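Novice: Listed below, chain by chain, are the residues.
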Amino acid sequence: MEIFVYQKGNHFVEEGFSAEQLPELLANAGNLVWVDIEAPTKEDEKILSDVFHFHSLTIEDARETRNQPKVEAFADYLFFIVHGIKVETNSKNFVTKELDGYIGKNFVVTFHHENFLSIDTVKRQIRNSPYVCGRGADYLLHQILDELVDLYIPVVDEFDDAINEIEERIFRTKTPNDEILEEILNLKRSVARLRRVTSKQLAVLYRIAHGEFQLIEESHLPFFRDVHDHLQRVSDLAESYRDLVSGLLDIQFNVVSNRTNEIVKVLTIFSAIILPLSLIAGIYGMNFENMPELKTRNGYFFTLGFMFFIAVGLLFYFWRKGWIFEKDDEKAERK
Amino acid sequence: MEIFVYQKGNHFVEEGFSAEQLPELLANAGNLVWVDIEAPTKEDEKILSDVFHFHSLTIEDARETRNQPKVEAFADYLFFIVHGIKVETNSKNFVTKELDGYIGKNFVVTFHHENFLSIDTVKRQIRNSPYVCGRGADYLLHQILDELVDLYIPVVDEFDDAINEIEERIFRTKTPNDEILEEILNLKRSVARLRRVTSKQLAVLYRIAHGEFQLIEESHLPFFRDVHDHLQRVSDLAESYRDLVSGLLDIQFNVVSNRTNEIVKVLTIFSAIILPLSLIAGIYGMNFENMPELKTRNGYFFTLGFMFFIAVGLLFYFWRKGWIFEKDDEKAERK
Amino acid sequence: MEIFVYQKGNHFVEEGFSAEQLPELLANAGNLVWVDIEAPTKEDEKILSDVFHFHSLTIEDARETRNQPKVEAFADYLFFIVHGIKVETNSKNFVTKELDGYIGKNFVVTFHHENFLSIDTVKRQIRNSPYVCGRGADYLLHQILDELVDLYIPVVDEFDDAINEIEERIFRTKTPNDEILEEILNLKRSVARLRRVTSKQLAVLYRIAHGEFQLIEESHLPFFRDVHDHLQRVSDLAESYRDLVSGLLDIQFNVVSNRTNEIVKVLTIFSAIILPLSLIAGIYGMNFENMPELKTRNGYFFTLGFMFFIAVGLLFYFWRKGWIFEKDDEKAERK
Amino acid sequence: MEIFVYQKGNHFVEEGFSAEQLPELLANAGNLVWVDIEAPTKEDEKILSDVFHFHSLTIEDARETRNQPKVEAFADYLFFIVHGIKVETNSKNFVTKELDGYIGKNFVVTFHHENFLSIDTVKRQIRNSPYVCGRGADYLLHQILDELVDLYIPVVDEFDDAINEIEERIFRTKTPNDEILEEILNLKRSVARLRRVTSKQLAVLYRIAHGEFQLIEESHLPFFRDVHDHLQRVSDLAESYRDLVSGLLDIQFNVVSNRTNEIVKVLTIFSAIILPLSLIAGIYGMNFENMPELKTRNGYFFTLGFMFFIAVGLLFYFWRKGWIFEKDDEKAERK
Amino acid sequence: MEIFVYQKGNHFVEEGFSAEQLPELLANAGNLVWVDIEAPTKEDEKILSDVFHFHSLTIEDARETRNQPKVEAFADYLFFIVHGIKVETNSKNFVTKELDGYIGKNFVVTFHHENFLSIDTVKRQIRNSPYVCGRGADYLLHQILDELVDLYIPVVDEFDDAINEIEERIFRTKTPNDEILEEILNLKRSVARLRRVTSKQLAVLYRIAHGEFQLIEESHLPFFRDVHDHLQRVSDLAESYRDLVSGLLDIQFNVVSNRTNEIVKVLTIFSAIILPLSLIAGIYGMNFENMPELKTRNGYFFTLGFMFFIAVGLLFYFWRKGWIFEKDDEKAERK
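Chains as they are written, first to last, in my numbering: chain A, 133 to 467; chain B, 133 to 467; chain C, 133 to 467; chain D, 133 to 467; chain E, 133 to 467.
For the record, the hints were derived by calculation from the structure and aren't laboratory data. There could be a bad hint or two in this list.
The list treats identical chains as one, so a pair stands whether inside a single copy or across any two.
Unchecked claim - The calculated DMTMM-like cross-link candidates involving lysine to aspartate or glutamate, where the alpha carbons are at most 25 Å apart (straight line), are:
| id | residue 1 | residue 2 |
| --- | --- | --- |
| 1 | K453 | E315 |
| 2 | K332 | D368 |
| 3 | K174 | D358 |
| 4 | K229 | D382 |
| 5 | K140 | E350 |
| 6 | K178 | E290 |
| 7 | K202 | D282 |
| 8 | K453 | E299 |
| 9 | K332 | E290 |
| 10 | K178 | E246 |
| 11 | K453 | E297 |
| 12 | K255 | E314 |
| 13 | K178 | E146 |
| 14 | K453 | E314 |
| 15 | K453 | E311 |
| 16 | K453 | D382 |
| 17 | K453 | D310 |
| 18 | K178 | D358 |
| 19 | K453 | E300 |
| 20 | K178 | E192 |
| 21 | K255 | D176 |
This structure is a prediction, so every number in the text was calculated from the model and none was measured.
Excised from the complex, chain A in its bound form:
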């Protein structure tokens, strides 16, 4: 647990307070108190109920880590749950982390079980330029949400790359394999998760940004709208990726059926040319005593010639059908 206190007019942020000093610090309306609780202990949880007297349901929510984003207004504070995001190293996947928090007239409480890069960033910011705190608890909240949402952008960029890569591989691969299908499936799930996470979070930001809560000063609403718009862009992209990803399965399927078509064509051409020739060879391999052709002088050579003629004829027929050596006019038109 870290406690940051900024007193109006000061040029610095004080740190290093203990939990016991909190009631006193909060009592001074001129203070802005930020309590950041990471990896909370039982004692930390007690502060929520005993010092801040937050509603028991919200404390329960904070304790768990499977909640959806939401914001709820109470008499003199807001409770919010938002989700941060992180691309996993060595993988195209991402994880979400729950950040619970409260904001009141002169305090912000953040409560999280995992480390948040965005919160660390904001801590650094207020140490360097404490004036951020001077604009009130709601502006500090904005700062945290802003950093948190900005980390969504690399995730969608990652997706864009992943989709492009799979697409390329679909077209390049000669031997259809299940690996691509599995990757498409994983991507589909990830995109669905991203959509679910962002859509709930958007609703939360929308409510905050459109002046539903009196604790957010009206002149700060544009800043929250800005955060909302950033996440909206992420959400729109996730939505469009959904279409693209489920289109990939269709493409993959089309490519495989193109490949199969090609294979069957090879099979057909081979069979259709060689089977008739084999029949002829078979006929002249029969052991009838009376087969006049067999005795002719050039029968063998005529037969070979006839076979050659049939083969050429069938090749011509398949070429006309456009199955081999794509016809020139088609190629020409293609350009």
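Based on the hints, put chains B, C, D and E in the right spot on chain A.
Specialist: Structure of chains B, C, D and E alone, referenced to chain A:
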């Protein structure tokens, strides 16, 4: 029928009353009366009309068991229908059970044809800590709904497992079979049922949780919102499962077409290599009298050599096409 | 045309009036007059305009039979169009029938070109227990709509059976045939029609049931809501059938591609095993003079043995690939 | 340009006025003036700006013919754009035509580049029964829209036929061909166009029919609602055709895959029966010196018998698999 | 940076002012000042904050070029982001460009990193006919948006062509290839992008056109509605292209499966006719000593005749099945 009575200020819940005592118990505004009717008899139904004077339509609804979740407000009581859920043992399926009920100023009536685990749990709770009843009839209702909704969560978890398992089997199976299709179909139906059940129930909880009914004290609304949010999560998951399950059919189809592609490839390679060789053998099996090659000394060995050469040539050709022994550069790129 | 008159306080319903008596009967506010016009004649239509003075557009609507369900309020009466339904005997299909009607302070007019089972039922009811009429014109309307909507339920049950039956047949059929496709298509159309009919009708019932019209007494609204809820269930089921039916096409397609996969596998295994053996036979069928093997003593038997060896080897290869005699571990895992 | 003037109380409609008389005619509030401008000249356009002083944007819209349906209210007139429809002869296609118009207290202006059957019909009507004009400019507008919308109905009926015809052909055709695909595609486009056109137009009619504009007398609203309902039916049908048409592609695809399955089955049965027999023939065609069977007396006949036995065995195997002569129990069940 | 100043009553627009003169020019309420900043420098950005005192968030937005269209109202100015569009030469693709801007009582500021054809057009317009400026800042804004939206129309027309071309190629191509798939995929992405861009922009124009902002004079709203309607048409077309494009994949797939069906048919017919003949030849190629037929005089010719008979019989069989030479009645029906 079981009757529980909690008198304000007491530290215990009284039980063991008979139906005849009900009017008297209800007349005392300081009492909270919970009438739980399981597997109702004709006499039990009469209590609804003769003691409580509930609307005849609601009693008809309670008698049946094919109703949708709903909540309806009457002058001094609410009538509600909600659905409990249970995963069936030895199967991935679930069953829903209808719970009808009424709530008034100082009473709760629950009416159900089947046993409800959640109701048993609440009974145990109020015996252990009767203070739950001290917060009024609406809080007792919340307690029941909370337990009832919590039982939905194992059902969706079960689905998650089932989907993953089928997915794995799709990729592992070498011989496409209808069993997987049947399972996907069953899963699809179950997910559709879950979506239908939860969406109606959500609407009921939403109306209760957003202060539409005066019988629910405003300070208790957050508790109902909490129940609503839990079910919302179930519903969102069911919605996302829907996408996943109908995606499974596509995946299965893609896998089968990959398999077919592979099989046709084997057929083509075998045919394309052996048919030409057979033709050559056939030609030299012809019985023409004048076939000079037949008389040469090494004709046979040259012919075998020629066959070998053709076979190798075709194998090379198919390898170039990427049909056999996937080309190294492709494999390399894949990593 | 049949006229039913119930006078407040009476214990019976009078019948057998003629059109001429209508104005007089209607003038008595204590009367509830129900005019049921089946297979209307020109004179019947005149009553609508000359006795009741209904809006000309509504009379035009009543004359036609291709209208959508709707309800329209006029100064002192409501005009409504609803659709009844009937499962056709000897078929899984259903037909809808249009019922036009008017309701005023003390009258109900029903106007239909075809016989309605539900209207006959209500006639029987009011003859047996005339008190139904004592609750007013709106309650009588409710009675008619209630019976009419109840007849929708067997239709959806029929669909449920039909879908299950087709599904079973899809999996059972070994020879894919177009019949199943045609039936799926028919079912799809029927379900689409049912959805269209119910969705419009729901809108009508919703407007009536939610107090939009003053002619419906507020205390009767729960009864209309009840009718609405019943139809809602039908509509929800129709909606879910839609998904199921269009899923059937996918299933059928998957099954056919499984079948094709199986067939191609048989073809491939046969060809791949027999073609090489035929080649060997062909080689030793060549007529070269110098083929040392032919002269060996056991050449023939060695060759047969070699063929057998190749056949077994290929069978083993295909078994390893999982194409024949599904591998044991797979079977085991499946359980 | 044609000008029709109806003076209140008259029993006839006057025609044959010139543009110069318009201001005078309009000044008389007792007149209803209908100016119909077909294939407008520059002078006609000037009337809109100089006589009627309509907003310049509306005149620009009227000049063009690629506008969407819309209605816009100005201080003392309404501007509307609606689309008429016409089935093209010798084709299943339809064309839409734009009708621009204005309606004021005592005038209606219709402005169109192409001939409208519906407008001609209304002209005939008002000549025969001028009382139509007696109900005011809005009623005249209703008359025009009513006729215009009625012409949509043959178009949707045409579609119904077209879909049925294609469907039948899909099932009947033995040789899958691209023609059907092209027709389905064309139909799909047409239906999409119809949906687009009707949905915009519905919005226009909805706004008019629901009393948004004061120029439409309240007692005339039911008439506009009637027109709206007619178009709604067209739109609903178009919507349902959409589903049907895109379902046709699935059906076509299923039928083709059924056909392919059948073809592959024939191929497999032929190959699987004849290849083994050919192998046997090949074996006994080998030229080994020591092949004892060849010298037996009935070897040939035993071999033929053996071949026959194998053929029958394989036929039986395929019959058991249900690939030939569908098994009787299956056929029985099907009925 | 270019500055245009129009003083009420003047017949010309003054140019050539420097940034230093701006405060003075703006102070004169009779002036309309348009500041167009292209490819902004640091100094240009400073003007936004130091001269105009715009909100810092909007200036940040203006600096970036990855923003979504939006409009935001501040005390005495509006900030807007819209996207212009340009078809790329030598490609069917398009690029979008961001235009940021502000509008106040007597000024318009446009801020863009790339050149805008539409802005150049408006500059030319106001030089030629300065009266455009006389209608105020909002009308000038309308002029810019109007030109900007008009450039969307060639883009959708381009799409229409592209879709038609691909469609034709799908049907014409005999050898299914991946190129078409890649083009469909690209088209799909482009259409999705266009939809995304237009839908956001429509929302912006809707808000402006429906009188949400006081800075837009009410009498100018029809002009903005006009712009909105134009973009609406683009958006509707993009929406309908989406359906068409994703339908192309289905069509392509159907065409490929038709092609495969045809190929398999050829293979089957060849195999099924020649394999039995080969078997016969093989049988008479066996070396049994006792094969009576071999010694008959015309055995060879009878055998040839028998082969011919079988070939004709099978051809007839396949013709009956409709696999070759489509049956006449079918062809007839097709017309």
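Novice: Hint by hint, note whether the structure agrees.
Specialist: Tested hints:
no.: 1; hint: K453 <-> E315; result: between (38 Å within a copy, 23 Å between copies)
no.: 2; hint: K332 <-> D368; result: both (13 Å within a copy, 10 Å between copies)
no.: 3; hint: K174 <-> D358; result: between (36 Å within a copy, 23 Å between copies)
no.: 4; hint: K229 <-> D382; result: neither (33 Å within a copy, 32 Å between copies)
no.: 5; hint: K140 <-> E350; result: within (20 Å within a copy, 37 Å between copies)
no.: 6; hint: K178 <-> E290; result: neither (40 Å within a copy, 35 Å between copies)
no.: 7; hint: K202 <-> D282; result: both (19 Å within a copy, 19 Å between copies)
no.: 8; hint: K453 <-> E299; result: between (31 Å within a copy, 20 Å between copies)
no.: 9; hint: K332 <-> E290; result: both (21 Å within a copy, 24 Å between copies)
no.: 10; hint: K178 <-> E246; result: within (19 Å within a copy, 41 Å between copies)
no.: 11; hint: K453 <-> E297; result: between (35 Å within a copy, 22 Å between copies)
no.: 12; hint: K255 <-> E314; result: neither (41 Å within a copy, 48 Å between copies)
no.: 13; hint: K178 <-> E146; result: within (23 Å within a copy, 35 Å between copies)
no.: 14; hint: K453 <-> E314; result: between (37 Å within a copy, 20 Å between copies)
no.: 15; hint: K453 <-> E311; result: between (35 Å within a copy, 18 Å between copies)
no.: 16; hint: K453 <-> D382; result: between (27 Å within a copy, 23 Å between copies)
no.: 17; hint: K453 <-> D310; result: between (33 Å within a copy, 15 Å between copies)
no.: 18; hint: K178 <-> D358; result: between (35 Å within a copy, 21 Å between copies)
no.: 19; hint: K453 <-> E300; result: between (30 Å within a copy, 18 Å between copies)
no.: 20; hint: K178 <-> E192; result: within (12 Å within a copy, 42 Å between copies)
no.: 21; hint: K255 <-> D176; result: within (19 Å within a copy, 33 Å between copies)
Violated hints for the displayed structure, listed by number in ascending order: 4, 6 and 12.
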